[in-house]
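We have chain H; now place chain X onto it with these hints.
There are 2 protein chains.
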Amino acid sequence: MTILTAALIQQHCTADRLDNLTRSEGMIRRAAASGASLVILQELHTSTYFCQVESPSLFDLAESIPGPTSTALGALAAELNIVIVASLFERRAPGLYHNTAVVLEKDGTIAGKYRKMHIPDDPGFYEKFYFTPGDLGFTPIQTSVGSLGVLVCWDQWYPEAARLMALAGADLLIYPTAIGWDPEDRADEKERQCDAWFTVQRGHAVANGLPVLAVNRVGLEQAPRGDGAIQFWGGSFVAGPQGEILAQASKDKEEILMVTIDRSRSETVRRIWPFLRDRRIDEYGELVKRFRD
Amino acid sequence: MTILTAALIQQHCTADRLDNLTRSEGMIRRAAASGASLVILQELHTSTYFCQVESPSLFDLAESIPGPTSTALGALAAELNIVIVASLFERRAPGLYHNTAVVLEKDGTIAGKYRKMHIPDDPGFYEKFYFTPGDLGFTPIQTSVGSLGVLVCWDQWYPEAARLMALAGADLLIYPTAIGWDPEDRADEKERQCDAWFTVQRGHAVANGLPVLAVNRVGLEQAPRGDGAIQFWGGSFVAGPQGEILAQASKDKEEILMVTIDRSRSETVRRIWPFLRDRRIDEYGELVKRFRD
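Protein sequence lines correspond, in order, to chains H and X. Counting from 1, one number per residue, gives the positions in the first sequence under my numbering. Counting from 1, one number per residue, gives the positions in the second sequence under my numbering.
Please note that a few of the clues may not be correct.
Identical copies carry no separate label here, and so any pair may be met within one copy or between two of them.
[Said to hold, decoys possible] In silico lysine-lysine, DSSO-like type, Cα no more than 30 Å apart, as pairs:
id	residue 1	residue 2
1	K289	K251
2	K253	K190
3	K106	K289
4	K289	K113
5	K251	K190
6	K251	K113
7	K113	K253
8	K106	K253
9	K106	K128
Hints in this document: simulated from the structure, not taken from any laboratory.
Same shape as in the complex, but just chain H (with noise of 0.2 Å):
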């Protein structure tokens, strides 16, 4: 069976988690009928993307994990038969919380956590107050569907991630994401911003010989307070082992992604490209240093 038919939700949010919710889960059922296997939620999927101001009182929008998002993703995951990557705000213990993705094996089981490990913080994306760096590594979770190499947004923008999740034989590298424009900035940045995104995850995947799965939300999310804003752009994508693009959304449009991935084309790709057989690991030791000064 090399043939895997995923499906990446791409949709919008309010502050409503019984509204968020709602709608992921048709679109969910709707992708399952449609016969994917895989399916992939966006970041932070229950709520509005929180982190544009930091307020203490925003913890409560956390929760356990195994909890009660999970549990109901379990749930749908049994009774549609497949594979669900979910990605919620995580509360470990009182003042210790995580942005972490959880993939809901097809019976009902969580099948494995990534705790995001590369945390951002830049104006309007205030990521490093609410979540604690991860401390599960970069580990594929083993699923029926393959070993998913799941990473989280900023995860996105760093190579050794991507690589490191290729030499523990993740079949798949997936990324749920949140990221958007301030509407604010001119046009010709948008489009720079937003080009360095999809080309920095197609090099991963060329880099690795491997599919990339990236889902993305999509809307308007004003601050409170008039604070800003940000313009999420959609854009979720899939791109094949040479980084060719298979699939791609809108930029503001709630919508199911649905695409066809032949996972033996890795192996046929790496036999042209045989990039892993050629790594210089006896010279590579420095990329564990800050900068190398």
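Coordinates of chain X only, in the frame set by chain H:
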């Protein structure tokens, strides 16, 4: 002086070393006359791409560094008051050869060498027969036009190489290259290969917030005894620190690709996308493993 004018010399090559060098020199002179202070030649520009076959007699093409070509190009650099990046088949000792980039300073001296670290070996690209893997590490070369992260061809597929150069303070990533299509391949495969080549290098620009300058040859080169051919795809290009294309050459013509680079943009881009700040160096140790099994 944050503005740098650079020129990439994209040319075809023949079996006649003097012919190749004479055309290189003519284009270097025109580039300098147009204001270039940095001129970059393609990989192994003094000969055809001889690695299409394995033949001991072809080691005769190698020369020492310093040697005839580096001396001639050094004199030209001094005359024109420019920095030149050349790419030579280096004879280091009998039976010990490298694929070496050499950088000539404005005073004609050798600023530094880089010996290609990742050596390919694929049908038509039998480089492991000719080139001992480099032993000078991933070390930028300091010049009057900046710290040059010079890498060579196959290196361009390795995010590790680009990152190590960036961590060592490189201002630019530079890739002399000889890459092309098997004329027997289908059009869609050719398109994917060429696009992957652009994409992975633009990805290095994005991941490291640095300009990338890649110089490739053009022309159809037949292997001896009718044993295949390579259609070199040209397409030399310069990307800015968000991976944006600043200049791009044709796929089939000799040309001088001139570009103006504002080096201050790298710091601007790294301030909005501070990837170096958030690298999880505590978790990158296994990048020095061949595979994590």
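Verification of the supplied hints:
Taking CA atoms no more than 30 Å apart as the test, K289 paired with K251 passes in neither setting, with 37 Å inside one copy and 39 Å between copies. For the identical chains of this complex, K253 and K190 are intra-copy neighbours only, at 18 Å inside a copy versus 33 Å across copies, given an alpha-carbon limit of 30 Å. Taking the shortest Cα distances, K106 and K289 never come within 30 Å of each other, neither inside one copy (41 Å) nor across copies (33 Å). With identical chains, the CA atoms of K289 and K113 are at most 30 Å apart both within one copy (27 Å) and between copies (24 Å).
When the C-alpha separation of K251 and K190 is checked against a cutoff of 30 Å, the pair qualifies both within a copy, at 12 Å, and between copies, at 29 Å. In this assembly of identical chains, K251 and K113 lie within 30 Å of each other by CA distance solely inside one copy; the values are 28 Å within and 46 Å between copies. In this assembly of identical chains, the alpha carbons of K113 and K253 lie at most 30 Å apart only when taken from the same copy (29 Å versus 52 Å across copies). Taking CA atoms no more than 30 Å apart as the test, K106 paired with K253 passes inside one copy only; the shortest distance there is 28 Å, against 55 Å between copies.
For the homomeric pair K106 and K128, neither the shortest alpha-carbon distance inside one copy (33 Å) nor that between copies (47 Å) is at most 30 Å.
Checked against the numbered hints given earlier, the structure breaks hints 1, 3 and 9 and satisfies all the rest.
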